[in-house]
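Chains as they are written, first to last, in this note's numbering: chain A, 481 to 825; chain B, 62 to 403; chain C, 55 to 550.
Take the hints with a grain of salt, since some may be wrong.
[Claimed, not checked] Far from chain B, some chain C residues (derived; all Cβ distances over 12 Å):
(1) Lys85
(2) Asp149
(3) Val181
(4) Ser196
(5) Thr214
(6) Asp258
(7) Arg287
(8) Cys321
(9) Asp377
(10) Gln394
(11) Glu412
(12) Ala466
(13) Lys485
(14) Thr518
[Stated by the list, open to error] Simulated pairs of lysine-lysine, DSS-like, Cα-Cα distance not exceeding 30 Å:
(15) B/Lys400 to C/Lys445
(16) C/Lys105 to A/Lys717
(17) C/Lys449 to A/Lys616
(18) C/Lys171 to A/Lys717
(19) C/Lys174 to A/Lys717
(20) B/Lys402 to A/Lys616
(21) C/Lys370 to B/Lys295
(22) C/Lys370 to B/Lys199
(23) C/Lys368 to B/Lys295
(24) C/Lys285 to C/Lys528
(25) C/Lys427 to B/Lys402
(26) B/Lys295 to C/Lys378
No lab work stands behind these hints, which were simulated from the structure alone. Ideal Cβ placement from N, Cα and C applies to all residues, glycine included.
Below are the chains, spelled out letter by letter.
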Amino acid sequence: MKTGGEGLIQSPMDRSSAFRSNIKKFYIYVVLVVIVIIFSVVKLGQVEMFGRGHFLSPDSIIVLLRAAVPIITLSGAFTLLMISGNIDLSVGSAMSLNAVVFALMILNGFPFLPALIITLIMGMAMGFLNGFLVVKMRITPVIGTLVTLNLFKGIALLIVPAGLSAIKSSAEKQMPAWINDYARQDVFLGLPWAFYVALAVIAVLIIVQRKTILGKYAAAIGGNRTAAELSGINVVKMAWILYVIVGFFAAAAGMARASYMSLGDPLSGDGMELDNIIAVLLGGTAFSGGEGSVPKTIVGALIIMCVTTGLMTVIPAFWQTVAKGSVLLFAVVLNHVLVREKVKC
Amino acid sequence: MNVETNQVGKPLIGSRMSNESFITLIMVGVLFVLFGIACAAVPNFYLPRNMLNLLTNNWYLIIVGIGVSFLLITGNFDLSVGGNIAMTGVFSVYFCQAANVSQNVLANGLGLPYGLAVLLALLCAMSIGAINAFFVAKLKVPSIIVTLGTMMLARGIAQIVTQGAQRNTSLPDVFGVVGSMSIKGTPIKVSVVIMVGLVIAAYIFERMTVPGRRTYLIGANPEAARLSGINVVKHLTFLYLTSALLAGITGILLASEFKAGVSSRALGYEFDALVISLLGGVSIAGGFGSVLGMFAGAVILSVITSSATGLLLSPNWQFTLKGVATLIAILTQRFALDKRKG
Amino acid sequence: MKLIENVLEIQDLVKEFPSVRAVNNVSFDIKRNTVHCLVGENGAGKSTLIKILTGAYMRTSGTVLLNGEEYNPHSPRDAKQRGISTLFQELNVVDQLTVEENLTLGMEDTRFGFLRKTDKINKMVNVMKSLEPSITPRQLVSTLSVAKKQIVEIAKAVATEADIIIMDEPTASISESEIARLFKIVKSLREKNVTVIYISHRLDEVFELGDYVTVMRDGKHIGTEPVAEVKDRSELIRMMIGKTVFEEYTPKEGGSQETILQVKDLCNHKLNGISFEIHKGEIVGFYGLVGAGKTELARAIYGVDEYRGEITFKGKKLPATPDKVIAAGIALVPEERRTQGLFTVLTIRGNVPVMNMEKISRNGFINSTQERKVTLEYIDKLRIATNSTEKEAAKLSGGNQQKVVFSKCLFADADLLMLDEPTRGIDVGAKSEIYGIIRRLSEEGKSIMIFSSELPEVVNICDTIYLLFDGNMKTMMKNGPDIDSEKIIHIVTGGE
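Extracted from the complex, chain A is given alone in its bound form (with noise of 0.2 Å):
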C-alpha cells in the first residue's frame, strides 16, 4: 500500500475522516437526546411536561434508573469481555440463579454481608466456569456460553420453581422487609444505595479500561492476539479473568434484581444477555475486538432502557418484542456503519 508523502495541509481526505471519527465518539449521546426527547413530547397532549405520568418527570425518571441498575451493573464488564474478543451469553441465567440464592439466603435468615459476599463468590465461580469451556477447552465462546446458559437456568430452577410466588414467603418464612432496602429505599435524591452502587461500578470499570493493565491488554488480546502473545502477554489467564470478572457483576446484578423485586424468581434474569448486546452495539463495539468503550456502552443500556421503559407507556405490552428486535437490528445496521472500516484498496 503506497501512501502520499505527509503533508502539513489538511487533505479533503482528513477532513472527512475527521469528521467521521468525530461523528463516532458523539452519535450515541445524539441517540439518547433523541430518543428521550421522542418519549417526552409524544404524550404531551395528554399528560403535562415533567408532570405526573410523564416521562421526564422525576417520579418515572426514578423508576427507570433503579430499573436500570443490573444492566449498568453489568455492561461495564460485559463490554471489557467484548472488547477481548470473547461473549458471554449466559449472563441472563447467571444473573437469576445469583438473585435466587441471593433471596434464599435471605429468607432463611442470613444477615446482608455474608449473602452478599456468598453470592459474589459464587457468581465468579460461575465466571470461572465460563472461562474454563471457552478458554481452557477452546470451545467456541457461544456454543460454551450457551451450555452455561442452561446450566445455570436449569440448577436456578430446580431450586426455585417459576412463578411470582418464588421465595417471597411461605408458611414458615418471611422474607425480611429490608432486603428491599438495597434496591428501592431512597438514599439521597430519590434513589436507592444500588444506583450509587452501579455508578461506582461505571466508574471503576472505566478505570480499569482506561488505566489498568488488564483493560489495555484486553484490547490488545482482541486486536491482535499473535501480537498480544509474540509481546508475552498471557492472553489464556486474561481472558479467563474477564470471564471471571462479568461473573461478579452478573453476580452483583442478580444480587439487586433480588432485593428489587423481594424474591428470587429464577427467570428474572431472562433477556439480559440480548440486552447488554444490543447496549454493546449501540456504544460501538466492534464484534471482532479490539475496540469498544465502556462509556457509550451505559449510554447505549441507558438507550434500552428508555424505550422498553418509554414504549410501554406508548404501546401495549405486546409491542414490546418487535420493538426490541427492530432496535437490535438497528444497532447491527448502526455498528456496521460506524465501527467496520471499508477496506479501501
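Take the given structure of chain A and dock chains B and C to it, following the hints.
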C-alpha cells in the same frame, strides 16, 4: 506407477470411514447406551409405544434441526426459527379466519381460503430468512446477533397479531386437519411422516447433491470454496431461506394440530434445535456433521427428557440436563476425533 | 562482560524437511553493530534460515551462537526474550492501541495492576522520537501508515535492547520517501548497539545500506563479503544464480497467433497499469521476486480482488467474480495450497470434482460412480501417490497435494490455467512431473500463465516471460537459447 489400480477406489471400512460417519456412529452408540440405562432405571420405559414416541415426539425439533444443522456446518447460527414457527402459525390462522364476524378483534381475520393462507404464511416465513441472509451473507454481520434480532422480530410480530395471546376462533374446518391427521389405522401422525420425509430428503441432499456438497465445502474452507467458484453469498442465502421455510412448515403443522396460533409457541425451540445438532456431532468448527447425527441427537434428547419424566423429575430438570448433555457430547466428540487422528 | 566481535555465529546449520534439505550446512558470522544483508533467490533457504533464528522452526543439526552462547529458541517469544526481534511483513502492532501503548506492550510497569507512568515509558518514547519525531506517542496506531507502523516496531525492538533486529523485505509495501527515512533509521541503529539482518530482493538496497552481504543459493552458503568489496550488481547476481544449467528449453513449433486473453492497464492497490496478451496454447511466465505483484495480478484477473482496467477473454469482457471467471474458462491454482487450494479435511475424491460439479452430476444429483471414476482418472493421469480415493488430503505430501489442486483445476475444463507458484515446496521428482503435465496441456491447446519466483522454472518451460517489479510490468522476453538470466535478475531486482 505407484498406484495399485485394483485396490484404488474401494473405500475401505474402518479406518477409511469418514470422520462424519465415525462420529455419527459414536453418538448412535451413546444413544443405545443411554437407552439401555434408561430401560434399566426407569419404570415402564421398555414399551413399544414408548420407543415409537422416542423417535417421533420431537418431530418439530427435527424439522427445524435440518436447517439449523446445515447452517451450523457452514459456521453460522439461525436462532430465528422459534420465533418464525410462532409467527407463521399465527399468520396461518389470521389469514384464514373469517372476516368481520365478531366484535372481538382476535376473532376476525382476512377470510382467505386455507391453501392460500398457508402459502402466504410460508412466504412470510421466508422473508425472515431473507433478512437473515441479507445481514449475514451480504453484510457479513455475525449470525448470532442477526438471528437473535430476527428471532425477536418474528416473535414480536406473532405477539402483535395475537395481542399477546392467541387466535383460535372462526377457523375453517379444514384448518385442523393436517396437524392431527394420522395414517389410517396407525397412531403415526402425518406430521411425523412429513418429518421423516424431510429428513430423508435432507440426507439425500447432504450426501448426494451438488448444493449439499457445497455446504460442506464452505464449512471446511470458505476461502478455498470461493476460489473454487462457489458463490458463497448465494449459497448462504439459499440455506437461510430453506431454514426459514422449514420453520414455517413446522409452524403451520403445529398451528393446525392445536387449532390455534399462539404467540408463545416454540419458545426455546431454536436452542433445542442447536442442542440436538450438537448432540448429533454437528460441529461449528469446520464443515462437519450430518442430519442423521442430528436425528440421533434428537432421539438422545428424547431419551433424556422422557427418562426424567419417567423418574418423576420435574420438567425444570430439562435445562440442566440439556446443558450437561451438550457439554459431554462436545467433549466426547472432540476426544474421539483426537484419538482417531492419533 | 567483554562484547564478542561476532554477535551471531552460525556453524554447519542444517534444516531438513521430508523431501528437501532447505538449509544445507550453512556457516557464516554476523559482526556486531553492522547492517548485514541476506540475499538469494526464492528457495535459496533465506526464509528457512530466518525461521530458525526466530524460533519458528527447530534446526535439524548445527550450532548457532548468540553473543558466544548457545542459541536454540523454542518459540518466537523465546527468540524475542533472547534478544532477537523481527519485523515481519504482517505487522505485529495492535491498531486499536496508541503508539505509547504498543511500545510498552508486555513490559508495562504496574502497581496493583494500575499502569504507571515511569521513566521507562519516557525512555521508549524518546527512542521512538529519535527515530521519527513526527510520530506522537498518543496517537492511535491505526492512524499510522504502514511505514510508520514499521518504525514503531523498530523502536520497540531498540528500546527493549534487542541485540539483533531482523527485517524481512521491509520496503515491499512503502513509498520512496518512506524508504529513504527507513534507511536513515537502519543506519542509525548501529550507533544504538543493534545489529540488523536485512533481507531484500532489491539489490540496490544492499549497496546503499549494507556493511556485509551473504548470498545463499539452493540452501547453501555461497559467500559472505563486506559490501565495499563487491564490485557491482552483476557479481552478486552471478553468486545468486551460479552456474545453474537450465534444462534446454524447446521452442514451440508454430505457435498460434490467436489471442485468448487481453489485459489493458490493469490497476489496483498494488498494480500499476499492467498490459499484456496471451495467445492460445502459449505458456507465459510472470517472473518477479517478493512484492512484485504476481499474486495480486492473478487474483485480480480471477475476480478475487478489485481492479480497474480492461480484461478481455475469448473476445468477451471477463466478469469480475471467481465463479463467473471459472464458468468463462479460467482456473486458478492458488499460491497457498493448504489454505486456499485444498479442502484439507476432505478426501481426494472430495476435492477433485469441486470446480465442475455439473460434469459429475445430473439435475443436481451427484453420480458417485462418475465421481469415483473421475478421481481415479486424475490419480492415474497425474500419478498421485495414494492407494485410495478416500485418503484425506491433509495426509498427502506437498507434491501430491499440489497434484490434487491441479486435478481440481484441470477438471474445470478451463481454456486458460493460472498457476501461482505451482511447484513451491515440492520435491524435484514431483516438480518435473508437473512440468511434464504443463507441457502436455499446452500441446493440447490450453493456455497457461505461470506466476513464479523461481527463475529456473520460468526459463524451463515458458514460451514468453514477463518481468514484474513493484507492481509494474518491466519488460517482455521471448524464451530461447540466448536468454540472458543475468539481465532478468537485474531487472527484477530493480535495475533498468
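message: Please verify whether C/Lys449 and A/Lys616 have alpha carbons no more than 30 Å apart.
response: Holds - the C-alpha atoms of A/Lys616 and C/Lys449 are around 28 Å apart, at most 30 Å.
task: With 12 Å as the threshold, tell me whether C/Ser196 passes as away from chain B on beta-carbon distances.
output: With a cut-off of 12 Å, C/Ser196 remains clear of chain B, as the shortest Cβ separation is near 20 Å.
- prompt: Are the Cα positions of C/Lys285 and C/Lys528 separated by 30 Å at most?
  reply: It holds: about 25 Å lies between the C-alpha atoms, which stays within 30 Å.
message: According to the definition I'm using, a residue is off the interface if its beta carbon is farther than 12 Å from all beta carbons of the partner; does C/Val181 meet that for chain B?
response: 39 Å, holds
query: Does B/Lys295 lie within 30 Å of C/Lys368 when you go C-alpha to C-alpha?
result: Holds, at roughly 27 Å.
- request: Just double-check C/Cys321 for me: nearest Cβ-Cβ distance to chain B has to come out over 12 Å.
  value: 22 Å, holds
query: Is it the case that C/Thr518 keeps its Cβ farther than 12 Å from each residue Cβ in chain B?
result: Nearest chain B Cβ is 26 Å from C/Thr518, so the label holds.
query: Checking the smallest CB distance to chain B, is C/Gln394 really beyond 12 Å?
result: 6 Å, violated
Nearest-CB test (12 Å) between chain B and C/Arg287: 38 Å, holds
message: C/Lys370 and B/Lys295 were given as a pair; does the straight-line alpha-carbon distance stay at or below 30 Å?
response: With a Cα-Cα distance of about 24 Å, the restraint between C/Lys370 and B/Lys295 holds, given a limit of 30 Å.
message: C/Lys427 and B/Lys402 were given as a pair; does the straight-line alpha-carbon distance stay at or below 30 Å?
response: 28 Å, holds
message: Given the hinted pair C/Lys105 and A/Lys717, is their Cα-Cα distance within 30 Å?
response: 28 Å, holds
Of the numbered hints listed earlier, those contradicted by the structure are 9, 10, 11, 12.
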